[in-house]
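Full structure from sequences and hints, please.
2 protein chains.
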Amino acid sequence: MALIVHKYGGTSMGSTERIRSVAQRVAKWVRAGHQLVVVPSAMSGETNRLLGLAKDLMPDPQLASTPAALRELDALAATGEQVSVGLLALALQAQGVAAVSYGGWQVPIRTDSAFTKARISAIDDTRVRADLAAGKVVIVTGFQGIDPEGNVTTLGRGGSDTSAVAVAAAMKADECLIYTDVDGVYTTDPRIVPEARRLSTISFEEMLEMASLGSKVLQIRSVEFAGKYRVPLRVLSSFTPWDIPIEEEASSGTLITFEEDEKMEQAVVAGIAFNRDEAKISVIGVPDKPGIAFQIIGPVADANIDIDVIIQNVSHSGRTDFSFTVHRNDYARTLEVLKTKVLPATGAAEVLGDAKICKVSIVGIGMRSHVGVASKMFRTLSDEGINIQMITTSEIKTSVVIDEKYMELAVRALHKAFDLDQETAAV
Amino acid sequence: MALIVHKYGGTSMGSTERIRSVAQRVAKWVRAGHQLVVVPSAMSGETNRLLGLAKDLMPDPQLASTPAALRELDALAATGEQVSVGLLALALQAQGVAAVSYGGWQVPIRTDSAFTKARISAIDDTRVRADLAAGKVVIVTGFQGIDPEGNVTTLGRGGSDTSAVAVAAAMKADECLIYTDVDGVYTTDPRIVPEARRLSTISFEEMLEMASLGSKVLQIRSVEFAGKYRVPLRVLSSFTPWDIPIEEEASSGTLITFEEDEKMEQAVVAGIAFNRDEAKISVIGVPDKPGIAFQIIGPVADANIDIDVIIQNVSHSGRTDFSFTVHRNDYARTLEVLKTKVLPATGAAEVLGDAKICKVSIVGIGMRSHVGVASKMFRTLSDEGINIQMITTSEIKTSVVIDEKYMELAVRALHKAFDLDQETAAV
Numbered sequence: 001m002a003l004i005v006h007k008y009g010g011t012s013m014g015s016t017e018r019i020r021s022v023a024q025r026v027a028k029w030v031r032a033g034h035q036l037v038v039v040p041s042a043m044s045g046e047t048n049r050l051l052g053l054a055k056d057l058m059p060d061p062q063l064a065s066t067p068a069a070l071r072e073l074d075a076l077a078a079t080g081e082q083v084s085v086g087l088l089a090l091a092l093q094a095q096g097v098a099a100v101s102y103g104g105w106q107v108p109i110r111t112d113s114a115f116t117k118a119r120i121s122a123i124d125d126t127r128v129r130a131d132l133a134a135g136k137v138v139i140v141t142g143f144q145g146i147d148p149e150g151n152v153t154t155l156g157r158g159g160s161d162t163s164a165v166a167v168a169a170a171m172k173a174d175e176c177l178i179y180t181d182v183d184g185v186y187t188t189d190p191r192i193v194p195e196a197r198r199l200s201t202i203s204f205e206e207m208l209e210m211a212s213l214g215s216k217v218l219q220i221r222s223v224e225f226a227g228k229y230r231v232p233l234r235v236l237s238s239f240t241p242w243d244i245p246i247e248e249e250a251s252s253g254t255l256i257t258f259e260e261d262e263k264m265e266q267a268v269v270a271g272i273a274f275n276r277d278e279a280k281i282s283v284i285g286v287p288d289k290p291g292i293a294f295q296i297i298g299p300v301a302d303a304n305i306d307i308d309v310i311i312q313n314v315s316h317s318g319r320t321d322f323s324f325t326v327h328r329n330d331y332a333r334t335l336e337v338l339k340t341k342v343l344p345a346t347g348a349a350e351v352l353g354d355a356k357i358c359k360v361s362i363v364g365i366g367m368r369s370h371v372g373v374a375s376k377m378f379r380t381l382s383d384e385g386i387n388i389q390m391i392t393t394s395e396i397k398t399s400v401v402i403d404e405k406y407m408e409l410a411v412r413a414l415h416k417a418f419d420l421d422q423e424t425a426a427v
Numbered sequence: 001m002a003l004i005v006h007k008y009g010g011t012s013m014g015s016t017e018r019i020r021s022v023a024q025r026v027a028k029w030v031r032a033g034h035q036l037v038v039v040p041s042a043m044s045g046e047t048n049r050l051l052g053l054a055k056d057l058m059p060d061p062q063l064a065s066t067p068a069a070l071r072e073l074d075a076l077a078a079t080g081e082q083v084s085v086g087l088l089a090l091a092l093q094a095q096g097v098a099a100v101s102y103g104g105w106q107v108p109i110r111t112d113s114a115f116t117k118a119r120i121s122a123i124d125d126t127r128v129r130a131d132l133a134a135g136k137v138v139i140v141t142g143f144q145g146i147d148p149e150g151n152v153t154t155l156g157r158g159g160s161d162t163s164a165v166a167v168a169a170a171m172k173a174d175e176c177l178i179y180t181d182v183d184g185v186y187t188t189d190p191r192i193v194p195e196a197r198r199l200s201t202i203s204f205e206e207m208l209e210m211a212s213l214g215s216k217v218l219q220i221r222s223v224e225f226a227g228k229y230r231v232p233l234r235v236l237s238s239f240t241p242w243d244i245p246i247e248e249e250a251s252s253g254t255l256i257t258f259e260e261d262e263k264m265e266q267a268v269v270a271g272i273a274f275n276r277d278e279a280k281i282s283v284i285g286v287p288d289k290p291g292i293a294f295q296i297i298g299p300v301a302d303a304n305i306d307i308d309v310i311i312q313n314v315s316h317s318g319r320t321d322f323s324f325t326v327h328r329n330d331y332a333r334t335l336e337v338l339k340t341k342v343l344p345a346t347g348a349a350e351v352l353g354d355a356k357i358c359k360v361s362i363v364g365i366g367m368r369s370h371v372g373v374a375s376k377m378f379r380t381l382s383d384e385g386i387n388i389q390m391i392t393t394s395e396i397k398t399s400v401v402i403d404e405k406y407m408e409l410a411v412r413a414l415h416k417a418f419d420l421d422q423e424t425a426a427v
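Protein chains in written order, with our numbering: chain A, 1 to 427; chain B, 1 to 427.
Just so you know, not all the hints are guaranteed correct.
Copies of the same chain look alike in the list, so a pair counts if it works inside one copy or between any two.
Below are the BS3-like pairs computed for lysine-lysine, each with C-alpha atoms no more than 25 Å apart in a straight line [as the list claims (entries may be wrong)]:
1. K376 / K117
2. K405 / K289
3. K117 / K341
4. K55 / K339
5. K228 / K136
6. K228 / K356
7. K339 / K289
8. K228 / K172
9. K339 / K28
10. K228 / K117
Think of the hints as simulated: they come from the structure by calculation, not from any bench.
This is the structure:
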């Protein structure tokens, strides 16, 4: 008997027919002798429907981003998953499987008070454990929790992955299975590169980079959580028939591993990730003195804007240029913050920005011990006539920012250049 | 400055356009200097949509009435109001009015654990008072609360009225205004009798009878609550333009009063109520001995089935017939309980039932001091050739059970016989 956490995405929960199929799948695991905690997302389209109603009533984005409004938006959006868990519990009961559902506040899943992007601080598993011991499947809302003041919070888009992994970590589950509408992690997006291949395993660190670089299979925070607590995590398809043999299901998809085996080392590059949700901003002519980075980034962070890549090049004549990227949704707000708060305070010359960019990255744990990977990347892009605007690197990835219009071309060229379409390159 | 509770029904909350209009109305009251607590229902159709999804997944009504399933149905249905309160809070904020929403569990509104028909046991108003003192409109979900184990419960259909009155009672509000899709309490349903007139006031006791007898304007438990705590209650239309003068709005509709003034005494009959949601059940040939009523009703009550009228006539030959009515939805379940549990235990001869009945009642506080009201009722029905199957009376009402098909005819005839269409009979 193992303790297993299942997470189902919105598409899997998209209709009562699909919910019934999820219940049959969960029932199969229960009948095989396992204890199950299930974390479903809202029915597909439901969160957008709710936020659409809200937008109708509060068309002004400035008003809608006040703390009072964000609090209401969270309470509103959280009902989507509350509907899902109730329906799934009923579907399981109809299958003859004892089941009970909880909202995040009931578990409770405790978070901080950052509405719409809260972070989980603690999970009390007493109640869930008691139900499991009583032979029940426990269904917990994804995406949400409760803050110290008793307000409902949400974890942001895709937060249900994080909820599932956090529950798995808190309960020391044997495995966390993320059922989704893709059948695993690919070398890159098959919609861009038809030759993309599914990886049967990927290292935690590679997965972290792939997720953070825009691969939408798993939310980045869920991967971080899995890494921190070493939760065995598997991404697999919710579209296989529910009644395939459990052994077959249990070994399908992509397993995120924590051991670097020899086979992994052979693959220099595991995959190509890309992201066109970002915008680039440069603060030009910044006086190069201690504390200047904080003077620029501090006010942006205070406005609760997440920053991705940050680049500061060497200075000349006592001045430097400072560039970073933010989510495209935060682009206008970031420019505003910089112009009103940062320019006057720092004496920088000007602020420039471009929202029509994308980031393309090559990721691979093998890069640590292989030189020349970055240069091969740059040469490939050069051969295609693609200008590189920004570069950042880490131990296991190299990212470039390029004009958005070259994204597909760059991804296809790199996928081919690193032989990712070849079985021999398999991880 | 007064503390006012507003309650808005599902139709008033039926679209974002209507929610905006509710927000404008509430804002008008706030700007007139009042403190406002608002209790909205779910958007019209939403509760049915949610329960429809549930029924899809759990088509077997026997399974769907287990405690485990009822718990899930409550958690599910409660999301309807959780959406409403969030949207209304945003709509108020968009009007420049500070507003905060709470689910029943957050207030908290404490209830017992009778899922789908829970009763409010206590309301903690600390949090709400603090918000009011801080100048905020507080929006609280109707229809729901939290039980001692931390489960979400609902109060049953129409429960939002009860929530509003209970909140008004707990906070000692100056008035509770129930905004609805009718503009007050009528002598009877205008859809059946076009000559029906609106009453500008009605006594609490008459309202209690009207509500319990099927007048759908207010949920019976909300009237009981109002009576117990002497909450001034007004039923008024949510379809008047939101910007009519506040004095005009504050005196519209029907006020439920606690003082019997002279004028009221003049009206013998205030209104005609009717109800076709009931079914009639008789246990025939019951041994007439002490404790027999409990032996019959006990198991029905244990099955959480509400009983309305109960009649036991004088016995002959040591046997009697015992009749009562239940909600039509509980008809089959009640027959089952009686046949499996009551017949064997009591030695009664048989159980008979009829779901095609209706109850018609005349209600009036003046009946206390006027003889001949009941006989006039019976003669009127006799003149129309309508057979009376059961009769019950209280101090201020007389009810008859008749064949469902005669309902409209009976109501129209009685309305005319008691001069309710005449202005002179006005209360």
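We went through each hint and held it up to the structure:
Within a single copy, K376 and K117 get their C-alpha atoms no closer than 38 Å, and across copies no closer than 69 Å, so neither meets the 25 Å cut-off. For a Cα distance limit of 25 Å, the shortest separation of K405 from K289 qualifies neither inside one copy, at 36 Å, nor across copies, at 91 Å. With identical chains, the CA atoms of K117 and K341 are at most 25 Å apart within one copy only, with a shortest distance of 24 Å there and 56 Å across copies. For a Cα distance limit of 25 Å, the shortest separation of K55 from K339 qualifies neither inside one copy, at 27 Å, nor across copies, at 55 Å.
For the identical chains of this complex, K228 and K136 are neighbours neither inside a copy (28 Å) nor across copies (42 Å), given an alpha-carbon limit of 25 Å. Taking the closest pair of Cα atoms, K228 and K356 never come within 25 Å of each other, the shortest separation being 34 Å inside a single copy and 65 Å across copies. Taking the closest pair of Cα atoms, K339 and K289 come within 25 Å of each other only inside a single copy of the chain (20 Å); across copies the shortest separation is 90 Å, beyond that limit. Proximity of K228 and K172 under a CA criterion of 25 Å is satisfied intra-copy only: 12 Å inside one chain copy versus 52 Å between copies.
Taking identical chains as interchangeable, the C-alpha atoms of K339 and K28 are never at most 25 Å apart, the minima being 58 Å within one chain and 38 Å between chains. For a Cα distance limit of 25 Å, the shortest separation of K228 from K117 inside one copy, 19 Å, qualifies, whereas the shortest one across copies, 45 Å, does not.
Of the numbered hints given earlier, the model fails hints 1, 2, 4, 5, 6, 9; all others are met.
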